[in-house]
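Enquirer: As a plain string of letters, each chain reads:
Number of protein chains: 2
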Amino acid sequence: MSDALVPILQTIVGAEQVLQGDGLDSYEVDWRKRYRGRALAVVRPGQADEVAAVVRACAAAGVPIVPQGGNTGLVGGGVPDDSGRQVLMSLTRLNGIRQIDADNLTMTVEAGCVLQAVQQEADAHDLLFPLSLAAEGSCTIGGNLASNAGGTQVLRYGNARELCLGLEVVTPQGELWSALSGLRKNNTGYDLRDLFIGSEGTLGIITAATLKLFPRPASTVTALAACESVEAAVRLLGLARRRLGADLTGFELMQRFALSLVAQHFPQLPQPLPTAPWTVLIETGGTAAESEERERMSAVLESAMEEGDVSDAVVASSLAQSQGLWHLRESIPLAQSQEGLNIKHDISLPVSDIAGFVERMAATLAQAAPGSRIVCFGHLGDGNLHYNLQAPAGAAAADFLARHESRINQLVYDEVQRLGGSFSAEHGIGALKRDELARRGSAVGVRMMRAIKDALDPTGIMNPGRVV
Amino acid sequence: MSDALVPILQTIVGAEQVLQGDGLDSYEVDWRKRYRGRALAVVRPGQADEVAAVVRACAAAGVPIVPQGGNTGLVGGGVPDDSGRQVLMSLTRLNGIRQIDADNLTMTVEAGCVLQAVQQEADAHDLLFPLSLAAEGSCTIGGNLASNAGGTQVLRYGNARELCLGLEVVTPQGELWSALSGLRKNNTGYDLRDLFIGSEGTLGIITAATLKLFPRPASTVTALAACESVEAAVRLLGLARRRLGADLTGFELMQRFALSLVAQHFPQLPQPLPTAPWTVLIETGGTAAESEERERMSAVLESAMEEGDVSDAVVASSLAQSQGLWHLRESIPLAQSQEGLNIKHDISLPVSDIAGFVERMAATLAQAAPGSRIVCFGHLGDGNLHYNLQAPAGAAAADFLARHESRINQLVYDEVQRLGGSFSAEHGIGALKRDELARRGSAVGVRMMRAIKDALDPTGIMNPGRVV
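Line by line, the protein sequences give chains A and B. Counted from 1, the first sequence has number 431 at position 431 by the UniProt record's numbering; the numbering is strictly sequential. Counted from 1, the second sequence has number 226 at position 226 by the UniProt record's numbering; the numbering is strictly sequential.
These are calculated hints, taken from the structure and not from any lab test. Every value quoted in this text rests on a predicted model; they were computed, and no experiment measured them. Where a beta carbon is used, it is the ideal one built from N, C-alpha and C, also for glycine. Be careful, since some hints might not be right.
[Stated by the list, open to error] Per label pair, the in silico range of CB-to-CB distance:
| id | chain 1 | residue 1 | chain 2 | residue 2 | range |
| --- | --- | --- | --- | --- | --- |
| 1 | A | P392 | B | R98 | 41 to 51 Å |
| 2 | A | S219 | B | L319 | 25 to 35 Å |
| 3 | A | H327 | B | A363 | 55 to 65 Å |
| 4 | A | L419 | B | R93 | 26 to 36 Å |
| 5 | B | A102 | A | G84 | 53 to 63 Å |
| 6 | A | Q10 | B | A60 | 54 to 64 Å |
| 7 | A | E330 | B | E292 | 32 to 42 Å |
| 8 | A | A363 | B | E16 | 51 to 61 Å |
| 9 | A | S219 | B | D123 | 29 to 39 Å |
| 10 | B | S318 | A | Q47 | 50 to 60 Å |
Given the sequences, and given the hints that come with them, work out the whole structure.
Expert: Following this line, the structure appears as structure tokens:
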């Protein structure tokens, strides 16, 4: 059956949009080069009805489909396996902006739009689409929704889920479900929208979405603060929430070693504060004039200094300075790569448990992997830590990973689970964490997920081997 | 089988918590007295494991279960049918506050907690649980979540859905799914939480929830503004959003006739503005001092007056005045009842389409039901209108409804559907709008809902005849 499929696909999308053979690494290899597959064909539909027709053709042939956006996922959810029997559907040609409704503060875009293009289109209308993350220059909004992306402004605006009002989806049967509603209130049956969001292409293919927009804040103010302990940073977070309200848009935590890696590998980046056990990046976006917003920020930091929770602080006085502070934060993963292979964890915890977790985990890991170096940073405001581990200084990183990775994952995830946290805060399950979900997820919950998968995709053609 | 069930239920919850016979109107008749049923028994479990045991017993006996919270629903979703063969499960005894975590800004409560009790508990910790609606003195949080309640602060804080981080649910098989996570980011498989939220008890029974809390705003300011047209009110909304940002918490619209009914039936309520075609109630909740917040509100209203969008305005100068303004808004449904039976619609539209809808619909209804009086008010900030119709002055209301209701529903919902709006914005489907969903919902969407229902509740014992 699958031999006969390719000509059918060529008829649907045009021969030049069905790619086969070598040189397809950008589709078949994931961004971190951990997953390398081989597709029966790469198909690039340009319209939603082409997506539907491709799905019907694949369903008739019994050929599984792996949907892909910008191929920036971190859990191997968007590349084919190595069987050569899966169709890789790239959504990047489906990249139209269908509508902007300024009065309704909504925007309808196709799945293959690059996140940055969505942000820019909103900006051109003096509006804000607040989803923001490292891969925004190449990830697509469809992929952001399929994986319920998080990023740096979740504290104020929520995850991708909270930023989406309506969807258009092609079902595993190749039907088009049109629900591109721009409504803030709509209680007409089960919440299919949120079921597709975060389902990583295993229940259907998102082809378009209606997104929430916001008025663009009049002024953005960024600051760095030095804290002696996680407890102090958590108290600063509480103070900032009370005093800045909804204007608080970002609250990032960086441990000393994370910033020292940045200093080592990117010495040209200025680090305006003396080194401290913990450094916090705070950002606000408000409606008042910039000078006023800056005064509010300074007042919060002064109060925290009086309370002894902040030892030193600096408020950026220009856009360039503000970008410099973010650059420090965003350079941590790159500095880690420069330092060598490492073990990554994308975890979340109740904010109230983070200090205890950090302290206990450091002791546990010092014993389990002596000399290993913890790189801890992340979105404290959302309880989301990137809790990573480098090999001991001078040790061979590959050997270290081979010997320790699975045991360290277990230690970290066990403690996270004990505290009611999540072993995948914003990256999703994909192929990488599917066993972890089966092992650590609630048995009742996983059984319900499986029942839903079987109900909506009974032949299992949508992104098999991912999530459940 | 069902005869043998009652003694089993008595063993599970205690004989005194299984009610039978007459005098059960408060459980068997809905709040608006449109649905009057008869239960096999009313069962009042006091703990989640009792809920699970009751469900297992009913499942074994093949007896359907109707879950009920405060019995304040408006669509007949929470009362038994008249067969005498359904068990009514009242959740009101399950009303413990399990935990407050101030650092994490979360609160875990049992399903039977009255909404007002949840608000008060948050308030006692200097925190805010923002869900707020007319029935808050008797509705329960479990019912709010099962129906994804909306209310007056959706504009800023979202619907019940957006205020819930985790759930505990008893499945139709009587298993307990514990997912009381207080996490802001958690991407570990399908979003079962949002599937249960808004499913109106047809997929399982919510027994507890972890809710989002917020810092309590330092100051709340309320104002009334008179507008000549809906277009002007929509422009005022845009201005308020830009200038007040996230501090804008409420934006309610009231047509002249709605307020004149209040004046007629509640003449003791002061109406501080001269009568105008449209009156808007605006509320802000900010972090600045009250005088400063009041100045910001006044500045916005002055700008709108300069633009010609507001003809007159008043800013409340005390809490009592502010409550007085809300009292006007909240008295509209009561004034309507005093005026006589009426036809109600709970609709939502893109904000940009509301002015056109109001204009066209008035012309349509003037022709279809001459002399009928439109009572239009609602949450303009969310695009949610309560668009109701009174009989002509002096006409017999019951006759008017008998003759016109179904035709008028069709006219209103047809136009709403044409504009991509919703025929149930915040009240849900229940029994009342089940046919409407089958008729007006997307066929693909309704088929997916049915597949999910069959997958999770294959024997159909959970609240049958509701939603799908």
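Enquirer: It remains to establish, for every hint, whether it holds in the given structure.
Expert: Outcome of the hint check:
1. Separation of P392/A from R98/B is about 44 Å and conforms to the stated range, judged on CB atoms against 41 to 51 Å.
2. A hinted range of 25 to 35 Å holds for the C-beta pair S219/A and L319/B, which are about 31 Å apart.
3. Against the hinted window of 55 to 65 Å, the Cβ-Cβ separation of H327/A and A363/B comes to about 58 Å, which satisfies the hint.
4. Range check, L419/A to R93/B: Cβ separation about 30 Å, and the 26 to 36 Å hint holds.
5. For the pair A102/B and G84/A, the supplied restraint of 53 to 63 Å holds, since their beta-carbon distance comes to about 55 Å.
6. Judged by the Cβ atoms, the range 54 to 64 Å given for Q10/A and A60/B holds: they are separated by roughly 56 Å.
7. About 35 Å separates the C-beta atoms of E330/A and E292/B, a value consistent with the hinted range of 32 to 42 Å.
8. A beta carbon spacing of about 52 Å between A363/A and E16/B agrees with the range 51 to 61 Å that was offered as a hint.
9. For S219/A and D123/B, the Cβ-Cβ distance of about 32 Å falls inside the hinted range of 29 to 39 Å, so the restraint holds.
10. At roughly 59 Å, the beta carbons of S318/B and Q47/A sit within the given window of 50 to 60 Å.
When each numbered hint is compared with the structure, no violation occurs for any of them.
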